[in-house]
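Protein chains: 2
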Amino acid sequence: MRALERVDYVHGGTALTGLLARPAETPRAAIVIYPTIANVNAHMERRAGMLADAGYLAMIADFYGVAEGDWPALAQDLRVDTAHYRARLAAAVVALRAVPQASGLAMGAIGYCMGGGAALEAARDGQDLRAVASFHGLLETGKAAEPGAIKARILVCHGDADPMVPRGHVLGFWDEMGAAGANWHFHSYSGVKHGFTDPGSDARGLPEIAYDASADRQSWTAMLGLFDEVFGRK
Amino acid sequence: MRALERVDYVHGGTALTGLLARPAETPRAAIVIYPTIANVNAHMERRAGMLADAGYLAMIADFYGVAEGDWPALAQDLRVDTAHYRARLAAAVVALRAVPQASGLAMGAIGYCMGGGAALEAARDGQDLRAVASFHGLLETGKAAEPGAIKARILVCHGDADPMVPRGHVLGFWDEMGAAGANWHFHSYSGVKHGFTDPGSDARGLPEIAYDASADRQSWTAMLGLFDEVFGRK
Numbered sequence: 016m017r018a019l020e021r022v023d024y025v026h027g028g029t030a031l032t033g034l035l036a037r038p039a040e041t042p043r044a045a046i047v048i049y050p051t052i053a054n055v056n057a058h059m060e061r062r063a064g065m066l067a068d069a070g071y072l073a074m075i076a077d078f079y080g081v082a083e084g085d086w087p088a089l090a091q092d093l094r095v096d097t098a099h100y101r102a103r104l105a106a107a108v109v110a111l112r113a114v115p116q117a118s119g120l121a122m123g124a125i126g127y128c129m130g131g132g133a134a135l136e137a138a139r140d141g142q143d144l145r146a147v148a149s150f151h152g153l154l155e156t157g158k159a160a161e162p163g164a165i166k167a168r169i170l171v172c173h174g175d176a177d178p179m180v181p182r183g184h185v186l187g188f189w190d191e192m193g194a195a196g197a198n199w200h201f202h203s204y205s206g207v208k209h210g211f212t213d214p215g216s217d218a219r220g221l222p223e224i225a226y227d228a229s230a231d232r233q234s235w236t237a238m239l240g241l242f243d244e245v246f247g248r249k
Numbered sequence: 016m017r018a019l020e021r022v023d024y025v026h027g028g029t030a031l032t033g034l035l036a037r038p039a040e041t042p043r044a045a046i047v048i049y050p051t052i053a054n055v056n057a058h059m060e061r062r063a064g065m066l067a068d069a070g071y072l073a074m075i076a077d078f079y080g081v082a083e084g085d086w087p088a089l090a091q092d093l094r095v096d097t098a099h100y101r102a103r104l105a106a107a108v109v110a111l112r113a114v115p116q117a118s119g120l121a122m123g124a125i126g127y128c129m130g131g132g133a134a135l136e137a138a139r140d141g142q143d144l145r146a147v148a149s150f151h152g153l154l155e156t157g158k159a160a161e162p163g164a165i166k167a168r169i170l171v172c173h174g175d176a177d178p179m180v181p182r183g184h185v186l187g188f189w190d191e192m193g194a195a196g197a198n199w200h201f202h203s204y205s206g207v208k209h210g211f212t213d214p215g216s217d218a219r220g221l222p223e224i225a226y227d228a229s230a231d232r233q234s235w236t237a238m239l240g241l242f243d244e245v246f247g248r249k
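If you read the sequences in order, they're chains C and P. Take any residue in the first sequence, count from 1 to its spot, add 15: that is its number in our numbering. Take any residue in the second sequence, count from 1 to its spot, add 15: that is its number in our numbering.
Hint data in this document are derived by calculation from the structure and do not stem from the laboratory. We put the CB at the ideal spot given by N, CA and C, even for glycine. Please note: incorrect hints may appear among the correct ones.
[What the hints assert, rightly or not] Estimated spans, in silico, between C-beta atoms of each pair:
no.: 1; chain 1: P; residue 1: Gln91; chain 2: C; residue 2: Pro162; range: 57 to 65 Å
no.: 2; chain 1: C; residue 1: Ala30; chain 2: P; residue 2: Gly215; range: 55 to 63 Å
no.: 3; chain 1: P; residue 1: Ala18; chain 2: C; residue 2: Glu40; range: 38 to 46 Å
no.: 4; chain 1: C; residue 1: Glu161; chain 2: P; residue 2: Ala98; range: 19 to 27 Å
no.: 5; chain 1: C; residue 1: Pro214; chain 2: P; residue 2: Gln116; range: 34 to 42 Å
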């Protein structure tokens, strides 16, 4: 796995550490990766490398500023105030924007599980992102998007058998995005559970999560296809 | 546009004419293209050429065996008996299978509008297809798929603003496919109407249809991505 560079940034008095992957050539765009509830791990670092291999300058955001902890409790604290949460997410966009190699680049965001929801929150917040992609992300929000607020093209890659994101959430999301006038593509995969992009999902022994090689492959292809359209071909 | 070859076949006493596009190299698989309600036209011939360019042996099926006619009336007659309709669709699979170059190849099907629904009907019918893709296709059927009947991987590319296929049809399709145990990926595109793959849609002046360049591009990419997975990379 390639070595990632530290990007130090601060939000609300909390010291945060992004992890940056650089492409070999001039980057096509700069992409924030919002990680799962467990913050940075090998799965996220691999994705950063895959984005860099595809020509993108990619930075994994830091949700909490701690290397270990009670993730559900940390996540709950972070998200209890939607405005505070969105500001934490925006700080990662600002931090990546400030990397010298990102100067003048268009930006996007992707995310996984809680981070998929975070990418959507950044879009709702009107961050200057051209495209966001959510992989098995949460769809509910503490604050529905305002009409016209969303600038980003949205891609949601969703497991239809994800117990954490049932069909009612899907329909609610469509309604919310419709009211906001967002431009979204929604991909739903039959029989696919939460965590479908992570080869380590099956080893966790949790009934609601499972790796799905096809959904993983097809969702990544879809993201690259949208990015080709939005950011231009390599 | 490349010249297509005639493939004569017969079903139920009706003489039918498929149109075949051959790739330059050994084909990766053989793909039936079910056309729109208006049967073969330039849009369908272009798609056959695009599939051949991607390495597939592709044949446009013939629904009615007539070059011109009252398409809605012809379509209604053809579909009033679901078993008869499915047999007409199966005849195209048999005809393509009988092309010498198709010998030993895996098969798939795609379709547009009524033809998207036809591709799904062929899957419901248990035809020996590895993958089917529907573009702005009809989702309702005269006969729900039996559990275990569907052999094909299914990709549905759907415009969320298609008045001919409202969300109720989408949810009904998910339920039907779930009961049948099918393996499906469903892509829904916000604000996208019927006929979104056809650059000629806008000129028709019908409020329910419109071309959408992004949905056209992303849905074709999705189909190629699924075909790469199912049939192997070029």
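**Prompt:** Any of the earlier hints contradicted here, and which numbers?
**Reply:** 1 and 4
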